[in-house]
Amino acid sequence: MDLTVEATKIGEVIEASTGKFTAQCYQLNQAPPLGSLVKVGSMPSEIFAVVYNIENHSLELGRRPIARGESEETEEGIFRANPQLSKLLCTDFNALVLGHRQADDIAHWLPPKPAYIHNFVYTCSSDEVRDFTQSLHFLSLLVAANLPTPVEEITAACLRYSSQAHDDPHAFLVKAGKELATLLSGDLKRLNSILKKL
Amino acid sequence: MALSAYVILPRGSRQVSLDLAQVAEQIEKMAARLKAEQAERKQKISLAIETLHKQAGQLDHLRQKIQSSRTTWLVAEIPDRLDIHEAPPPCPQDFIVLASDGSHIDVDRHRSARCFLINVGTIKLRYGKHPDAELSSSPSLYFQAEDLVISSPSGNSYEPIEGALLGVKRSVEECHSLADAASELEDSLPTLALLDGSLVLWTLAGKKTYPEYVSQALVDEGFLRYLEEMRKLSLVGQLAIAAYISFPRSTEVTNALRLAICPHNPVDCDRYCRGKDAERQCDSVAGVLDRAIFNQLLSAGERSATFGSRSSIVEQRYGMHRANFFYIKIDDEEIARVEIPLWVAQSGELTGLVHALIWQQCRQGQGYPVALSEAHEKAVVTGADREQFWQLVERDVALKSSAKSRSKRNRWI
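Those sequence lines, one after another, are chains A and B.
Per numbering that gives the first Met the number 0: the first sequence = residues 0 to 197.
Per numbering that gives the first Met the number 0: the second sequence = residues 0 to 412.
Keep in mind the hints are simulated off the structure, nothing from the lab.
The calculated lysine-lysine pairs, modelled on DSBU-like cross-linking and capped at a C-alpha distance of 30 Å, are:
1. A:Lys112 - A:Lys8
2. B:Lys53 - B:Lys64
3. A:Lys174 - A:Lys188
4. A:Lys177 - A:Lys195
5. A:Lys8 - B:Lys128
6. A:Lys86 - B:Lys377
7. B:Lys128 - A:Lys86
8. B:Lys377 - A:Lys8
9. A:Lys19 - A:Lys8
10. B:Lys64 - B:Lys275
11. A:Lys19 - A:Lys177
12. A:Lys196 - A:Lys174
In this text the structure is predicted, and so the values were computed from the model without any measurement.
Looking at chain A on its own, in the form it has when it is part of the complex:
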């Protein structure tokens, strides 16, 4: 999914804490890409977060999907022959909170309250991504996070994705690299791991 001009509604918060939330997508397999920025809530109190994990699974505990396509020529054929699947499978994603909007300003620290359950989740428009990543202070929350997916992967994915919103993506990545060099000055291994992926 590329950056879009308009913010698009993609799902709803189904679990939330101060620093993270889980959202369920309205459409199967239609999660925003890893490392992309999403937002919940509406002006003036919006929470911004980065997608760090995506899961496609059965909606019901104890009902495991089974292989169905042996006699189907295409994967779409499986869904045509089993229309109920689109209602029984779902896509969830986890997002790490990187900041929020305070009045008209963007704050790169945690919001006073977590997202609400059933808050709508939107992809950020390219303008919003540019505004949010204009300052790189959000990187301190990101590199310090304790996530089940490697933080270096998410950081690099987030920077690659956000760079597309800037007029000069390369200059943005160079600036981000310098910021990371400061943040991870004591951990060259991690720093290199991120820089190699930019």
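For this one, chain A is given, so just place chain B on it according to the hints.
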């Protein structure tokens, strides 16, 4: 031998409610017994099939014999051919399958709030160019005094809706949901509406007799009313209805063969064979399930001829909705019984649609109609749901339950 529900073991050993070690021994004995009976059962099935083939030339005679018979068992009404095996017609390109299933929480006399709950799951699956699915469930709580009983027209007597009668009420609500779903269809595509179980409300035809007004309320003004709604819909669109019974234990076709074997005419079990159990000629095929016969006659996907139900409740009340049935072979382990109302059975096109779509559904559903299986998933009320339901009731209604009920929930030593 009856199993003791609570086994007290010698001092020092662990006390358990059910001693599975003891049960295992008994299971072994049961398995040995069933194995020993296998040869006899095979012989009976062969004889039943042989008898079925033999009837080809004398069906009118058998039909007359069935009509005049006085038996203690239920005998099928027979069609023009007994041994046909028909392959499924092709599925339409675009079609819809509707299904409903229900579960309930019965009235619990240990709870102070007298109420029951019926949860009906309804499914709409659309296949073809624009595949789509709608899966929904609708719970209804019955708590008003008039909801909890069926009253006689005079108001002098009433029958409480609980236990087996609640099961019938649930079947009526399942049929109601199915009729509603059928009436909401926007596209006039070929449609199969599927019920789980039988079209025959056996509880009302069973040994326990209920007053006439109960049958009137549940059958005439309930189940049959909704079947009639669907029949009317079928006049303007291609809609068929069927009830699906997996692993049926019925013996109505075998019983017709027993009549064919019986040397007496008219057949009168009480008059000729009272007290002669296991010595009668018809006992040579007794105990053979219909599905055992059709498992040998049919190949996967094929269906049998359509038979008619001669159950008293059907003959007295069902009219155009009189239950007919055929067997369909799903695979080597599953023969299903498909019941269709008379108006579907009389239309070759609708019967073909039922056959084709049930076969399609079973192939997509690992041997069981996928729409019914999803309806069940939406309807099911688990033990935990039940407990939570009663907790909600007792919290909101602030009533007390019986000491026995509380003791079951809060176990102690």
